[in-house]
Amino acid sequence: MSGRRVVITGLEVLAPGGVGTEAFWSLLSEGRTATRGITFFDPSPFRSRVAAEIDFDPDAHGLSPQESRRMDRAGQFAVVAARGALADSGLDLSGLPPHRTGVTVGTAVGATTGLDEEYRVVSDGGRLNLVDHTYAVPHLYNHFVPSSFAAEVAWAVGAEGANAVVSTGCTSGIDSIGYAVELIREGSADTMVAGATDAPISPITMACFDAIRATTPRHDEPERASRPFDGTRNGFVLGEGSAFFVLEELESARRRGARIYAEIAGYATRSNAYHMTGLRPDGAEMAEAIRVALDEAQLAPERIDYVNAHGSGTKQNDRHETAAFKKSLGSHAYATPVSSIKSMVGHSLGAIGAIEIAASTLAMTHHVVPPTANLHEPDPECDLDYVPLTAREHTTDAVLTVGSGFGGFQSAMVLARPERTAA
Amino acid sequence: MTASVVVTGLGVVAPNGLGADDYWAATRVGKSGIGRLSRFDPSQYPSRLAGEIHGFRAEEFLPNRLMPQTDRMTRLALVAADWALEDAGVRPQELPAFDMGVVTSSASGGFEFGQRELERLWSQGSEYVSAYQSFAWFYAVNSGQISIRHGMKGPSGVVVSDQAGGLDSVAQARRQVRKGTPLVVSGAVDASLCPWGWVAQQTSGRLSTGDDPARAYLPFDARAAGHVPGEGGALVILEREDLARARGAKVYGRIAGYGATFDPKPGSGRPPALGKAIELALADAGVDAADVDVVFADGAAVPDLDRAEADALNEVFGARRVPVTVPKTMTGALYSGAGALDLATVFLAMEEGLVPPTVNVEPADEYGLDLVVGQPRTTEVRTALVLARGQGGFNSALVARSAD
Amino acid sequence: MAHKEFTLDDLRRILIEAAGADEAVNLDGDILDTDFESLNYESLALLETGGRIEREYGISLDETTLSITHTPRSLIETVNGALAALV
Chain A
1 MSGRRVVITG LEVLAPGGVG TEAFWSLLSE GRTATRGITF FDPSPFRSRV AAEIDFDPDA
61 HGLSPQESRR MDRAGQFAVV AARGALADSG LDLSGLPPHR TGVTVGTAVG ATTGLDEEYR
121 VVSDGGRLNL VDHTYAVPHL YNHFVPSSFA AEVAWAVGAE GANAVVSTGC TSGIDSIGYA
181 VELIREGSAD TMVAGATDAP ISPITMACFD AIRATTPRHD EPERASRPFD GTRNGFVLGE
241 GSAFFVLEEL ESARRRGARI YAEIAGYATR SNAYHMTGLR PDGAEMAEAI RVALDEAQLA
301 PERIDYVNAH GSGTKQNDRH ETAAFKKSLG SHAYATPVSS IKSMVGHSLG AIGAIEIAAS
361 TLAMTHHVVP PTANLHEPDP ECDLDYVPLT AREHTTDAVL TVGSGFGGFQ SAMVLARPER
421 TAA
Chain B
1 MTASVVVTGL GVVAPNGLGA DDYWAATRVG KSGIGRLSRF DPSQYPSRLA GEIHGFRAEE
61 FLPNRLMPQT DRMTRLALVA ADWALEDAGV RPQELPAFDM GVVTSSASGG FEFGQRELER
121 LWSQGSEYVS AYQSFAWFYA VNSGQISIRH GMKGPSGVVV SDQAGGLDSV AQARRQVRKG
181 TPLVVSGAVD ASLCPWGWVA QQTSGRLSTG DDPARAYLPF DARAAGHVPG EGGALVILER
241 EDLARARGAK VYGRIAGYGA TFDPKPGSGR PPALGKAIEL ALADAGVDAA DVDVVFADGA
301 AVPDLDRAEA DALNEVFGAR RVPVTVPKTM TGALYSGAGA LDLATVFLAM EEGLVPPTVN
361 VEPADEYGLD LVVGQPRTTE VRTALVLARG QGGFNSALVA RSAD
Chain C
1 MAHKEFTLDD LRRILIEAAG ADEAVNLDGD ILDTDFESLN YESLALLETG GRIEREYGIS
61 LDETTLSITH TPRSLIETVN GALAALV
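Protein chains in written order, with full-length UniProt numbering: chain A, 1 to 423; chain B, 1 to 404; chain C, 1 to 87.
By construction, these hints were calculated from the structure, which means they are not laboratory data.
Heads up, a few of these hints could be off.
The list that follows gives simulated cross-link-like pairs (lysine-lysine, DSBU-like), each with its CA atoms no further than 30 Å apart [said to hold, decoys possible]:
{"#": "1", "chain 1": "A", "residue 1": "LYS327", "chain 2": "B", "residue 2": "LYS265"}
{"#": "2", "chain 1": "B", "residue 1": "LYS250", "chain 2": "B", "residue 2": "LYS179"}
{"#": "3", "chain 1": "B", "residue 1": "LYS31", "chain 2": "A", "residue 2": "LYS326"}
{"#": "4", "chain 1": "B", "residue 1": "LYS250", "chain 2": "B", "residue 2": "LYS31"}
{"#": "5", "chain 1": "A", "residue 1": "LYS315", "chain 2": "A", "residue 2": "LYS326"}
Put together the whole structure using the sequences plus the hints.
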């Protein structure tokens, strides 16, 4: 643990079931679900008609009319979450050199919802191949390049340091935070406003997941549609949301008397080099990412008190990561609680990794492990302790959170208390 | 932690040349690849010129099984990665899988694939959308497909920061090499020259609307009125220097320094931050401004942006103290591919001792730059600075140095 | 009313459109009883193929029909069974 260490000093979550960290934690700790029949558009042509939607009013969250107009919904989430995280940290960035504060934003699909809407207009409902630029909105370029999200966040918080979107499919959230951690550790930044966002609930996204039968068709009981590790699960529930964090170098956070939620003690990402959407059942590459993240954190597997799983609720994922936990944690995989909050807030693609880091952080704050909702009859091949149905009081000082994404990305992050001892 | 990181292979896909050899043969003599768009009829659009790659037949290079699931930018990236590995003399199947990673950038993803699927969705119905739409257009697809093709299981990633992304990806790849991964494929390719991508690009407010390829993209010229977009880029092989030397690899040069900043919000009254990025990159490389032999500029060809870039350069180097060039006047601005291609060009320039020209430009005195125009300039290139900026305020600066 | 017949040639055409063909596999050969995995098609390729068959023939295919352990013969039979049921 030599060198610069990175801690979380502020966070904010926008997730289905209620905007804000407090509403998010109530949902998780009460084991409620926020999945429902799609209301954003007519879902009747689709195989999967359920999603985890946020009731979000940009005005009520301080976005100006101009900000709302020029930003895709995912960008709006990011700005609101980043501002919230900064407020939560109590940090006054104006007192710091602006180029020492950076921004990273994870997103898997960027402004796909805005692009879907604008495409419909310029193509006149798909009729024109030579789409008509005279109907293009002035901010279409912001949708074209999702880096506009990172620009908006930097403007919102006044950051002039390194700034980027990190886009690695469904591990974007973990990898965005991981990228930010590396910048602070190497000395390129002292503070990072880092998080992730996605708002993919649009016809084009529903259609492409329909085509690969990745999302669940269980629309007769939408509130029970997301059921990771259950024997009856048959796909994930698409979600949306954002979580942002203020990350600081440990010593400077201590000097200013900041509230320290957790240290980001270890991070690694590996690729399965196998298939864009498929997973090898042995989980070897995720296991390797976990092993390296633990090693970086200087923690033995037995020190992990809670595993926040990817737990998307597809059969191949649930088995893949169960195998990865056994391979990397050994017998401790059976002893530690493992749960998937996607059972409650759905799968918000690139955002969910950051939202899960927030859940992991709050589990440490409250010493409560969120449950896997809707888990009644586990898949026999998934034989770990998945904390079914109800949250559990549990001493939680170190958490492992993982993600798995299209493209073959497998990422792992370890959160711990900074005052821990090694090994 | 501070292991030296070198480039050992180049894979170039550019409008004025496919492959590093063809590209350099064109670029060193100022041969442009900009012309009227041919992929579709651009008559109805404000901008009609582009840097298109002609004569690229992906099926000659890639397995047939990959064709239905790949956008043009991915095909170009896969071929560029193949060429870069071949150039580096690396056979990935013979190396430990976890010792190789892939970090690329993409500004806008596979837009052409996306347009086709959106068209199917809205004109025919959701059941007509391809299964491959779940990944073929997204920003991570090039890193994913390259890692799969070559069995690379090490740390991979994708950085998106508009035109700054090509350099940012190389910097992130360098971090991974320093953290212990011996080899990382990095760089970027973008290719959004479809009608839907074209219309999105029109709204940047930065595109040239001229019809004469020789007058359309004129950075640092009094006639500057926007840039011409293009497609392509470069992928490069990064390795830890001691390991590359140990295997007897040809070493093009080192990735010596990097700095990135973001401009303050417009209207804040604070100064732009490109100069700071340059200072950070020079400090990271441990070189003085006087050591820099050439600058590959961003060259937006938008007067305010040209002014900001010239001011930053003159503040660091002094007016007319360092040769500056913009070879992208021959390719168009390649979005994330731009910084990566400029980096590859730097190494080709080092190899020959020749700075390629900025074509068609008559430098305006007011910028105070020693712009290499008209003819290439023969000069030893040992240290080069590459600049790339992304819309919104992204500034990235990278210092490359020769390794002998 | 006579229903459309789904033949091996139809399957070959749709497979190639949907997923291409491996250079090492001769799709024109006797492939009726070779499983899809051996023809180098994975589940994603079969989902894309199945989607195209569903659209072109106006039928609905169960996900289990599109397993890589199945053969062209079994898929053709399933499709023709579904077509017969439409009449």
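Hint check:
Between LYS327 (chain A) and LYS265 (chain B) the CA atoms are separated by roughly 48 Å; this puts the pair beyond 30 Å, and the hint is violated. A distance of roughly 23 Å separates the Cα atoms of LYS250 (chain B) and LYS179 (chain B); the hinted pair therefore holds under the 30 Å criterion. Between LYS31 (chain B) and LYS326 (chain A) the alpha-carbon distance is near 58 Å, which puts this suggested pair outside the 30 Å criterion. With a CA separation close to 27 Å, the supplied pair LYS250 (chain B) and LYS31 (chain B) stays within the 30 Å bound.
A threshold of 30 Å between alpha carbons decides the hint, and for LYS315 (chain A) with LYS326 (chain A) the separation of about 17 Å falls inside it, so the pair holds.
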